[in-house]
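Q: Produce the entire structure from the sequences given, and follow the hints as far as they go.
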Amino acid sequence: MRWLRTFGKVVRSGLTIEETRLEPLLALRTAAGVAIVIGPALWLASPAYAASAALGAYSAGGATFQRIWRPRKVIALGAGAGLALSTFVGYLAAGRLVTFLPLLAVWAFVAGMAWAVGSTAGIVAATTVGSMLVTVTLPTSVGRALEHAGIIALGGVVQAVLILLFPIRRWGAHRDALADALAAVADYARRLRHDPTAPFDPEPLMTARDAAAVTPSQARTRPPVLHGPRGLAERIRPVVAALADPDVGAPAEGPGRDRARELLDTAADVLDSAARSIRRGTPAEVPPGSVDVLRVDEEHEVLEGPARQAAERLVELLGEALEIAGSGGARGRTPTPLGPAGAQFLMRPTMFRLLPVVVRAVRGELRRDSPVFRHAVRLAAVATLGYLIAAQLPLGHGYWAPIASVMVMRPDFHRTYARAVARLAGTLAGVALATGMVRALGPDAHVFGALAVVSAGLSYMLIRTGYAYSQCFTAAYVVFLLGMGGQAWEQTVPERVVLTLLGGALAMLAYVVFPAWETPKLAGRLADWLAANGRYAAAVLRSYAEPTREHRADMRRALLASREARAAWQEAYDQARQEPVRPRGLTSREAEEAQEALKGFGRAAMLMESHVPRADSRFVPEAERFAEALEADTAQAAVDVREHRNPDWGRVEEALNAWEDAAGNRSPVVRREAELQKRALEDLATAVSRTPLERDVGSAREEQRVRAAVAAEGDGSGPAHRGG
Numbered sequence: 001m002r003w004l005r006t007f008g009k010v011v012r013s014g015l016t017i018e019e020t021r022l023e024p025l026l027a028l029r030t031a032a033g034v035a036i037v038i039g040p041a042l043w044l045a046s047p048a049y050a051a052s053a054a055l056g057a058y059s060a061g062g063a064t065f066q067r068i069w070r071p072r073k074v075i076a077l078g079a080g081a082g083l084a085l086s087t088f089v090g091y092l093a094a095g096r097l098v099t100f101l102p103l104l105a106v107w108a109f110v111a112g113m114a115w116a117v118g119s120t121a122g123i124v125a126a127t128t129v130g131s132m133l134v135t136v137t138l139p140t141s142v143g144r145a146l147e148h149a150g151i152i153a154l155g156g157v158v159q160a161v162l163i164l165l166f167p168i169r170r171w172g173a174h175r176d177a178l179a180d181a182l183a184a185v186a187d188y189a190r191r192l193r194h195d196p197t198a199p200f201d202p203e204p205l206m207t208a209r210d211a212a213a214v215t216p217s218q219a220r221t222r223p224p225v226l227h228g229p230r231g232l233a234e235r236i237r238p239v240v241a242a243l244a245d246p247d248v249g250a251p252a253e254g255p256g257r258d259r260a261r262e263l264l265d266t267a268a269d270v271l272d273s274a275a276r277s278i279r280r281g282t283p284a285e286v287p288p289g290s291v292d293v294l295r296v297d298e299e300h301e302v303l304e305g306p307a308r309q310a311a312e313r314l315v316e317l318l319g320e321a322l323e324i325a326g327s328g329g330a331r332g333r334t335p336t337p338l339g340p341a342g343a344q345f346l347m348r349p350t351m352f353r354l355l356p357v358v359v360r361a362v363r364g365e366l367r368r369d370s371p372v373f374r375h376a377v378r379l380a381a382v383a384t385l386g387y388l389i390a391a392q393l394p395l396g397h398g399y400w401a402p403i404a405s406v407m408v409m410r411p412d413f414h415r416t417y418a419r420a421v422a423r424l425a426g427t428l429a430g431v432a433l434a435t436g437m438v439r440a441l442g443p444d445a446h447v448f449g450a451l452a453v454v455s456a457g458l459s460y461m462l463i464r465t466g467y468a469y470s471q472c473f474t475a476a477y478v479v480f481l482l483g484m485g486g487q488a489w490e491q492t493v494p495e496r497v498v499l500t501l502l503g504g505a506l507a508m509l510a511y512v513v514f515p516a517w518e519t520p521k522l523a524g525r526l527a528d529w530l531a532a533n534g535r536y537a538a539a540v541l542r543s544y545a546e547p548t549r550e551h552r553a554d555m556r557r558a559l560l561a562s563r564e565a566r567a568a569w570q571e572a573y574d575q576a577r578q579e580p581v582r583p584r585g586l587t588s589r590e591a592e593e594a595q596e597a598l599k600g601f602g603r604a605a606m607l608m609e610s611h612v613p614r615a616d617s618r619f620v621p622e623a624e625r626f627a628e629a630l631e632a633d634t635a636q637a638a639v640d641v642r643e644h645r646n647p648d649w650g651r652v653e654e655a656l657n658a659w660e661d662a663a664g665n666r667s668p669v670v671r672r673e674a675e676l677q678k679r680a681l682e683d684l685a686t687a688v689s690r691t692p693l694e695r696d697v698g699s700a701r702e703e704q705r706v707r708a709a710v711a712a713e714g715d716g717s718g719p720a721h722r723g724g
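All letters in the sequence shown, in the order written, are residues 1 to 724 by the working numbering.
Hints in this document: simulated from the structure, not taken from any laboratory. One or more hints might be untrue.
Stated by the list, open to error - Below, a list of computed lysine to aspartate or glutamate pairs in the DMTMM-like style, where the Cα atoms sit at most 20 Å apart:
#, residue 1, residue 2
1, K9, E19
2, K599, E203
3, K678, D640
4, K678, E628
What the hints assert, rightly or not - Restraint ranges, calculated between C-beta atoms of paired labels, are given here:
#, residue 1, residue 2, range
5, R589, R12, 19 to 25 Å
6, R5, S217, 48 to 54 Å
7, E653, P621, 16 to 22 Å
8, G118, G281, 24 to 30 Å
9, T16, E592, 19 to 25 Å
10, G281, T20, 19 to 25 Å
11, R12, P40, 40 to 46 Å
12, W3, E675, 42 to 48 Å
13, G143, T16, 44 to 50 Å
14, G305, R589, 36 to 42 Å
15, G305, R12, 47 to 53 Å
16, R12, R280, 33 to 39 Å
17, E660, E316, 29 to 35 Å
18, T686, G305, 29 to 35 Å
Ideal Cβ positions, reconstructed from N, Cα and C, are used throughout, including at glycine.
A: Okay, here's the thing in structure tokens:
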């Protein structure tokens, strides 16, 4: 039953239209690159050369649509070079299974391990496996293989030249990432007006940080408006949370709460204006009443104590945002350091210095329990098995089966199955559309070449709306390309459908045989997040105990590590909810409750961060003892969670009691925030603590709850129907 429900979700996910902004100019430019190489190749050479040129230009163009922070022309050149190399090496080993199959297996394994570097590298590497499979049928000699490889690389060069000559929103991805971060904080401020404890997803801030990392050459040409607003969003987030919180900020009711809501609404308006300004590169107007709201009247200000401090700090930060919203970044440049020694920007290694980084990333994933390693093994096995099976079938173009497998496989279960369903649906629709046009127009290489370019453009246009819809025009593109080479549709269409179905089935079966489930790893991910949150909270407390620059730097590093641990947990948790396996270690309800508790713990640390004193402020000696106890208890609790033992907060409670008993407590707000942290830790212990009997039957209970819910839905007796 679980598999059936999961597969139903997979089908819906694979066929879902994703709401996204279409980019017709980018699609037009990339389709023009395909047309530029197909036309001369048809005119000067032959359809076979045109097919090779189209392969390089189409795949290199598709690689540039991935969300990347490096210049897209570099990605196009790299994709074209990788396709050319795989084509030539594949031809050298082609002709005998004893040489080609080991090469295919090794190449596919390396392509799978490329996911250790990132999704863009993994997707581009997968296309090189497809290139190796399809182009070994085209050349007839080593010289011809070199020619085809050169033409494929030329397709990547053409795309790179078009990007250089016709830049479209050159810093567009970076602008969007930064604008999304500011918009996320604006949305957070609006939600805090109605829910003072509303959660905040730090993913937009993490993405903006990735986008802010540039090479020295990029830093010299980066628009000035992209230099500072990311840090501004980082600083505003804890301040608005502290202002809205009824425990340490504005009172729950009365004039103070109304004033806090007014400031939060204005903060959201100003941040939205700054986000629009950065996204469009033009000055933006701030609502007229915003400046008046941001004035803090010394005599008539209703906020007091920590709430007033937060309001004054927010007004100061929003003043910086107003400057950004007014400048737009269209005029002027700021000097940027040329070297790493005095660099004031996040450094991204150049392409030549990236090799050691790649080696370290791949080496870190070379272990049996790594999802990337297991994906690489599956990819190598499915590519070789699919090639062998298709070679035995009485069908031409047997390479379509392993290509379908390679292109749909991902390191996780849900995306692999969803893409397999989407590829089959898109292929059926695409070949039906292309077949009707082929029958209506008759055989004409030049007409088919033009239709292939149009199909490529539509595929690029829809590439972010859903894999099925982009794949529809990709399938049509392949049919037109083969028709350009003289292949009859009566042969290609049935073969394409059958072999795509075979490849998708092999990809789905491979995940069942050799899975990489995240469900059993939830306890470990939760433990990592708990330990990282503990280090972050302790670093914040040490900034109170001794407010130095070194402690602030430690606090920043701990915050980034905490975000990474939270992102790893969130990814694992989302994948586990979509997996058809029984919970082990943590049930779904326990995982959800533990997640909410850790979010509360992190939020308490963030509130404390908003009041961190300056270097010349007074010390809070009690905070150091509490920091030591908090870090020690959370580290031990992380071990307990991994080993399914109940966590204990004895040292934290003892340190908190000692803080309360300390003579002349000079930091009641910090003490209150420490109580919030302890309360969140107690909620976590409640979520994951179980008696010995519960540890034995917890998973069985979860299964019973699922079966009862399914049965209730089936006979109409579920909660949704009881009132009716």
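Q: Each hint: holds or not?
A: Hint-by-hint comparison with the structure:
For a cut-off of 20 Å, the pair hint linking K9 to E19 stands: about 18 Å separates their Cα positions. Between the alpha carbons of K599 and E203 the distance comes to roughly 14 Å, so the proposed pair stays at or under 20 Å and holds. Restraint check for K678 and D640: satisfied, since their Cα atoms lie roughly 17 Å apart, inside the 20 Å limit. For the given pair, K678 sits about 14 Å from E628 by alpha-carbon distance, which is consistent with the 20 Å threshold.
For R589 paired with R12, a C-beta distance near 24 Å keeps the hint of 19 to 25 Å intact. Between R5 and S217 the beta carbon distance is about 51 Å. The supplied range of 48 to 54 Å therefore holds. Taken as a hint, the range 16 to 22 Å holds for the pair E653 and P621, whose Cβ atoms sit roughly 19 Å apart. With their beta carbons about 27 Å apart, G118 and G281 fall inside the hinted range of 24 to 30 Å.
Checking the proposed 19 to 25 Å range against T16 and E592 shows it holds: the Cβ atoms sit about 24 Å from each other. Separated by about 21 Å at the C-beta atoms, G281 and T20 satisfy the suggested range of 19 to 25 Å. At roughly 44 Å, the beta-carbon separation of R12 and P40 lies within the given 40 to 46 Å, and the hint holds. About 46 Å separates the C-beta atoms of W3 and E675, a value consistent with the hinted range of 42 to 48 Å.
One distance hint, 44 to 50 Å for the beta-carbon pair G143 and T16, holds here, with the actual separation near 48 Å. Checked against the hint of 36 to 42 Å, the C-beta distance between G305 and R589 comes to roughly 39 Å, which is consistent with it. The hinted range of 47 to 53 Å is satisfied by G305 and R12, whose Cβ atoms lie roughly 51 Å apart. Look at R12 against R280: about 35 Å separates their beta carbons, and that is inside 33 to 39 Å.
Between E660 and E316 the beta carbons are some 33 Å apart, a value that agrees with the proposed interval 29 to 35 Å. A C-beta distance of roughly 32 Å is found between T686 and G305, which places it inside the suggested range of 29 to 35 Å.
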